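*Asks:* Next come the chains, spelled out residue by residue.
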Amino acid sequence: MFFPEHLENLHSIGEAFALALQLVLSGDPDLLEIVALSLRVSLTATAVACLIGLPIGALVAISRFRGRTIVLVVMNALMGLPPVVVGLLVYLHLSRSGPLGFLGLLYTPTAMIIAQTILIAPIVAALSRQVLEDLHAEYAEQFRSLCLTRGQAVAALLWDARYSLLTVGLAGFGRAVAEVGAVIIVGGNIDHLTRVMTTAIALETSKGDLALALALGVVLLAISLSVNAAVQTLRLTATRQAYV
Amino acid sequence: MSDAVTLTPPSTVDDRTNGLILPLRVRDLVLRLGEAPVLDGLNLDLGPTGCTMVMGPNGSGKSLLLKLLHGLAQPTSGQIVWGEHTAADVTARQALVFQKPVLLRRSVAANLDFVLRMRGKNRGRRDALLDHVGLAHKANQPARLLSGGEAQRLALARALATDPEVLFLDEPTASLDPASVMAIEQIVSDARLRGVRIIFVTHDLGQARRMANDVVFLHRGRLAEHTAASEFFPEPQSQAARDYLSGRIVV
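Keeping their order, the protein sequence lines are chains H and A.
Position 111, counted from 1, in the first sequence is what our numbering calls 111; the numbers after and before it change by one each time, with no gaps.
Position 98, counted from 1, in the second sequence is what our numbering calls 98; the numbers after and before it change by one each time, with no gaps.
Simulated from the structure, these hints should not be mistaken for laboratory data.
Nothing here was measured: the structure is a model prediction, and the numbers come from that model.
Hints may contain errors.
Beta-carbon label-pair distances, calculated as ranges [said to hold, decoys possible]: (1) 139/A <-> 228/H: 27 to 35 Å; (2) 66/H <-> 99/A: 32 to 40 Å; (3) 72/H <-> 147/A: 33 to 41 Å; (4) 65/H <-> 58/A: 32 to 40 Å; (5) 41/A <-> 152/H: 31 to 39 Å; (6) 99/H <-> 19/A: 34 to 42 Å; (7) 19/A <-> 234/H: 48 to 56 Å; (8) 218/H <-> 124/A: 53 to 61 Å; (9) 99/A <-> 241/H: 41 to 49 Å; (10) 21/H <-> 127/A: 50 to 58 Å.
Calculated Cβ distances over 12 Å to all of chain H for the following chain A residues [to be verified]: (11) 95; (12) 139; (13) 195; (14) 225.
Chain A side only, calculated, beta carbon under 10 Å to chain H, not exhaustive [stated by the list, open to error]: (15) 92; (16) 96; (17) 101; (18) 103; (19) 105; (20) 107; (21) 115; (22) 119; (23) 144; (24) 155; (25) 162; (26) 233; (27) 242; (28) 246; (29) 247; (30) 248.
In this text, a Cβ means the ideal position worked out from N, Cα and C, and glycines have one as well.
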C-alpha cells in the first residue's frame, strides 16, 4: 500500500508511531476513506440495532409472561455472539447459492452493516432491558395510577432513560467498530470498497506495514476515546440535573 | 398561591358521562398476601363529599386499602363498588399521591406537560396548575432536584391535572416541615371545596383534626371504627382508637 516500509526497515516501534502520526496529521486520503467507511458502517449498524433492540428491550422490561427467564437467558447469551460465527452465518445467507444470494449484497458495505447489526442488536436489547426494568420498577405504580397505556409507558421510559440508553448505544457502537471477524468475512476487505479500520489493520500487520496499521489503530483509539468522552460529558450534565 | 378559579372543577369535565362513582360501598373486603390476611372482612361506606382520614397503626392495612380502592391491587375476595363501577373501571377518574413522589426525570413543567398530554387535557392549564401549587418560579428546573415539600406539591399538581373525582393521599406530608405541610393541606382543602372527594391516610393527629370530616380507623386489617371527626377525637368508640390516640402502641 501507500507506505512501503516493512518491519525490518523500521528502527523501532517509535519510528512506526512517528510515521503513523504523520499519516494521521497529513490527512492521507486512503486513510480517511477507510475511517469514513468504518464510521458509516458501524454508525448505521448501531442505529439499526437500536431501532430493533430498544423496543425489544423495553417490551421485555415491562412484560411478565411465561418463559420470560428463558428469553432473558437467551438475550444475555446472544450478547456474546462470536463475530466470526455471525460473519459466517451472514455469509452463508448472502452468498450466491444462499437464500438471499439474489440480492447481490456479499462483499458490500450493506453486508457488513447487516452482520454488525446482528452482532450488536442483542447487546442493545439486553442492556436496555436492564436499564428500563430498573426505571420501570420505580415508575410502574405511578404509571398505573395515571392509567397510561403500554405504549405510553414504553415511550416515557425510553425518554426518561435516554442518557443511560446513550451509553447502551455506545457499547454497541464500540463493539461494532472494533470487531474484525464478521466484516472481513462478509466484506472481504476490498480496497476502496469494503476496507474498514479493523480489516485494514489486520491486513497491514500481516503484510508488515506497521505504520499504516498503527495509524489506523491510533485513529480507532481516538474515535473510541472521543465518543466516550462526549457521552460521559453529556451524562455528567444530565446527572447534575438529576436526569440520570 | 393563586385562587383555584383557573382549575377545571370536576363537575364540568367531559369524561364524567359514565355515571357517578360515589358513594363508595366496600363489602367483606379481604386481601391476603401469603397466608395472613392484610385486610380482613372490611365493610365501609363513604359518602359523596368531604375528606375522610384513614388512620391506624403501622401495618394496619391503610396503604393497601388505598391501592385496592384505586384499582391498583386486586382483593382476594369481597366487593368495592364506586357508584355502579368496580375499582378497576374508575382508576382514571381518581388520582393517588404517594408518600414518596415519583417524578419523571424532566423539568417541573415537563412533568405536568406529560400528564396533560397523556390524558388528553388542555396543556394550557400547566402554568395555572404550577401557580396554584406555588411552583411557577421553578417551572424550568429539574423536578428531581426539588425539595421534599416542592416535590410533593408537584405530585399534587400532577394529580389535580387529571381532574380526579376522588383524590387519594398516602401520608403525603410524612417527612415534610410544617410550612410544607400547611401548603399541601391548603391545596387539598381547595380541591375538596371544588368537590373533589378526599381520602387521606395520615399518622399526624393535628392534620387529621384540621382536615377530617370523618375518620376510618383500621386495626390489624379490620375496621375498628368509622366515625365523624367531631366524635372521633373527643370520644373514640373503639379501644384500639383510644389506645392509638393516647399514644399506646396497639400494633
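*Asks:* Check each numbered hint against the structure and report the violated ones by number, ascending.
*Replies:* 6, 9, 11, 26, 27, 28, 29, 30
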